[in-house]
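There are 2 protein chains.
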Amino acid sequence: MIKSPLQIARESYNPKLPEALKGTVKIVEGNKTESVADQGDISKLFPNTYGMPILSFEAGESAATDKAISVGVILSGGQAPGGHNVISGIYDGLKKLNPANKVYGFLGGPGGLVNNEYSELTDDVIDHYRNTGGFDIIGSGRTKLEEEAQFDKGLENCKALGINALVIIGGDDSNTNACVLAEYFLQKKSGVQVIGVPKTIDGDLKNEMIETSFGFDTACKVYSELIGNIQRDANSAKKYWHFIKLMGRSASHIALECALQTQPNVTIISEEVEANNMTLGEVIDHISEVVVNRAANGENFGTVLIPEGLVEFMPAMKKLISELNDILAHNEVAVSTMETNKERREFVVKKLSADMAEVFRSLPNSFANQLMLDRDPHGNVQVSMIETEKLLIDMVKAKLKKMKKAGEYKGKFSAQGHFFGYEGRCAAPSNFDADYCYSLGYTASVLIAAGKSGYMASVRNLTAPASEWIAGGVPITMMMNMERRHGAMKPVIQKALVRLDGAPFNALKRQRDEWAANTMYVYPGPIQYFGPSEVCDMPTKTLLEESK
Amino acid sequence: MIKSPLQIARESYNPKLPEALKGTVKIVEGNKTESVADQGDISKLFPNTYGMPILSFEAGESAATDKAISVGVILSGGQAPGGHNVISGIYDGLKKLNPANKVYGFLGGPGGLVNNEYSELTDDVIDHYRNTGGFDIIGSGRTKLEEEAQFDKGLENCKALGINALVIIGGDDSNTNACVLAEYFLQKKSGVQVIGVPKTIDGDLKNEMIETSFGFDTACKVYSELIGNIQRDANSAKKYWHFIKLMGRSASHIALECALQTQPNVTIISEEVEANNMTLGEVIDHISEVVVNRAANGENFGTVLIPEGLVEFMPAMKKLISELNDILAHNEVAVSTMETNKERREFVVKKLSADMAEVFRSLPNSFANQLMLDRDPHGNVQVSMIETEKLLIDMVKAKLKKMKKAGEYKGKFSAQGHFFGYEGRCAAPSNFDADYCYSLGYTASVLIAAGKSGYMASVRNLTAPASEWIAGGVPITMMMNMERRHGAMKPVIQKALVRLDGAPFNALKRQRDEWAANTMYVYPGPIQYFGPSEVCDMPTKTLLEESK
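Listed in order, the protein sequences are those of chains W and D. The first sequence begins at 858 in our numbering and counts up one residue at a time. The second sequence begins at 858 in our numbering and counts up one residue at a time.
In short, the hints are calculated from the structure, not lab data. Some hints here could point you the wrong way.
If several chains are the same, the list does not tell them apart, and a pair holds so long as it fits within one copy or across any two.
[Claimed, not checked] List time: in silico EDC-like cross-link candidates among lysine to aspartate or glutamate, alpha-carbon distance up to 16 Å: (1) K924 - D980; (2) K1256 - D1233; (3) K1269 - D1233; (4) K1096 - D1233; (5) K1269 - E1146.
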């Protein structure tokens, strides 16, 4: 690996730990817990891992075992900045307890456990990855651990390697599966523990005990750097509207955080669109209104932030997509042999319900075509392939043309679309994420040494200095409820959407009219690792607002 | 303006100056100069500004006037990081000579001079913009100063404000026009000097005396940050090919610099495509070959860098675009009233020459449609609107499908397109650009005080520490030759393309086969302003290679 100068300089950064993790750790048990809903069902499904107490760590006499143990680590799902620091935290925590402890990495995600693809992680390896972005140390993957056959194979592979515990670093689904696995291993009295670490850039794995998921800070800062640069360009050239789509399929936390960091003219929050039952036309009306008002002030430029999942949050579009998923699944061969998109549209429109046929016909052709694109392996439309930013540009353009004809608008509208996702997922972690991820990994090592299973590592009080952070473990069952998935009720971790009564959204709501009318852009610039603390160590605006 | 913490921290950065500019400056005259070509024509067109000597600055007794002067500043064309520092350099240089000196900014580009839109720049204003990105201090614009009527109006406005000199900060065309204006003002004995400052992100304003244009360093570092992040993602997920289009319509310096910084699998250099007379099909063959070879090693992922101007460098495409420009210009009404792209394509194909009709028919429809998009005000296809990255993805996909059928390829190909332009043009300048731009501005102030006109500010020896940089002035006529523009021969500054015998291209050529076959990505990370010098103060690889 040829390392960049920054990478070399960052190798020597020592992540900050909570005070309680610096010496030996005493584990304090809190009250027994209940799941957030459906307590009856969840407790029945998780007889061994339900109702466990919240654990918090304090400096003190450790009751942990000092017999040598081996731990397997798995990275699950999409990349998030700081994954390597979680692993180095686990590694350092375990090595401190007993230098004979071993860490294995399963390769390419959960599939590596089932297929017995692994490599041992040693100083030689770990030291090259400290404070770096990416999941390339062992790779990630999207195989879901859901079947008993997979569990048994995984257990067999653990036994062969002498592995005492697994750490699964993943999002809500992966942590749900981690808990199912923990429960299964306990039922089997296998002696293999399972610990989860909360990861999802979208920020939707979040609750009272998980203040933020790792990587969210870094990714939002990278996106905000770019949005700020684009806004400065818009305000210099004064001739373009920039429509910027951001990651966030199932929640709009990223768009919200980036808005608070950069103060754009328009921010669409999917959760608000859904709550207000807004149609695509109403979203277009809203954006157009801002464009028209700014044009009246002579400002024919601006920025619009759009969360990736927007169209799925519009009730009408959601219904349309669901009908399309069915139609395309049942007519795969017929549709795939059609020569033109026009044929496909005409075929599909006949099969849609009357309501949805009308919605489908109202869409620009290019967008209607995208909705008929190849499905993902689960038969769902691939939302990240939908060019929502271009759809909105085209529809706003059409609306403004009408308004111009009617004498209601006298500006110029020229727009550029952008989509930021891959640009931030593997950025080198900010100081915050470097510290937070390392602490999460270290926390996982303490939970393992204490013999815990079915817990998620938790580090809280994140707006305070790292030394005051509160580390501990949260029973995963505590975050669960029952939801319908693929036609059956399943226990899953509740997704955290943007709360419309929450402080971050209220901060946006309070200021957005002013940001729309005026040009009040903020330019955060790139993540800094070495400068003054107010530049290098600030947590997200979301965390700051929530802790007010 | 609400300032970000980084912006506030950067306000107090003191740009480094060449030693010669720190005290009083002695101007040393070198030999008389000649234009790079067409000396007879150029000398006739520029009787007052041709053949002037190169000027270099040394510490020493200044012969500059100390009578109070007023200077007008103009930002011309696309944004580049560091424009604000050029202005603060001019300002500080002039104020040091005489605190009564005044600086005016003409608003919104060269149009501001003609329309007499200006504002005085004072400490209050300047101090908010030190070391920031963007051109928002006075705005920029693309009005070309070419007509005598504009010159006369500009002169009248300068006279009214008591302006003694103009500084035009712009690219090759704007500096050509600056020289034409200088010559005109001298012929008129107007007493108004004109000085140029070299700016173009694309890096195509470059020669022996102008080692790099400002902003190139910062923009390339922002793009390389993003490319590095994407490469780390590619190497973690191991499932996508990323096709990344980069700014650079008339030269591929940005793609080349970013390649040297990040070591991607494929880098297309437009100048090489042109020199080898490559067709679109041959470019596709080349990329496909790399994809196939990597797939054979089990690596179904990678990165491809593509310069924005690529299609215009392919001789066949260049001819096709030129024919299309003519056809669309002569049939504007007919084409614009057609309902569908299919109609348009069929209309156009009948009017093309037989050769070009064949090329046009061989293109994917979506791309053929883009070639018929709205023209720019000069009747040219808007290259930045052509989604070359998607075109290449579609064509590589089609090629691989054929190869798979023929049993020549056994991989998976899934690709993502990106385009980076606006993301970097207004980034806060790197330390290098902050220093370089400030020095350029300061140099301009010295040239003005010495009564010079028709000169471009030049700061050289840029791989040495800033104190050893060599500042001075270069006669703009020295960089000129005659070229055909809009059907007539015009004096213009020669564009600097990537030299295929140059050190930077050779560095790519030497290593690219290795980078293609293996995964040797480098992850530069974001621009740092405060860290160790090897992280914060490195010039571009292009400069380093050229100075070896």
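So, going through the hints one by one against the coordinates:
1. K924 - D980: Neither. Shortest intra-copy (20 Å) and inter-copy (68 Å) distances fail the 16 Å Cα cut-off.
2. K1256 - D1233: Answer is neither: 33 Å inside a copy and 23 Å across each miss the 16 Å cutoff.
3. K1269 - D1233: Between. Shortest inter-copy distance 15 Å satisfies the 16 Å Cα cut-off; intra-copy 39 Å does not.
4. K1096 - D1233: Answer is between: at 14 Å across copies they meet the 16 Å cutoff, but 38 Å inside does not.
5. K1269 - E1146: Within. Shortest intra-copy distance 14 Å satisfies the 16 Å Cα cut-off; inter-copy 45 Å does not.
Of the numbered hints stated above, those contradicted by the structure are hints 1 and 2, listed in ascending order.
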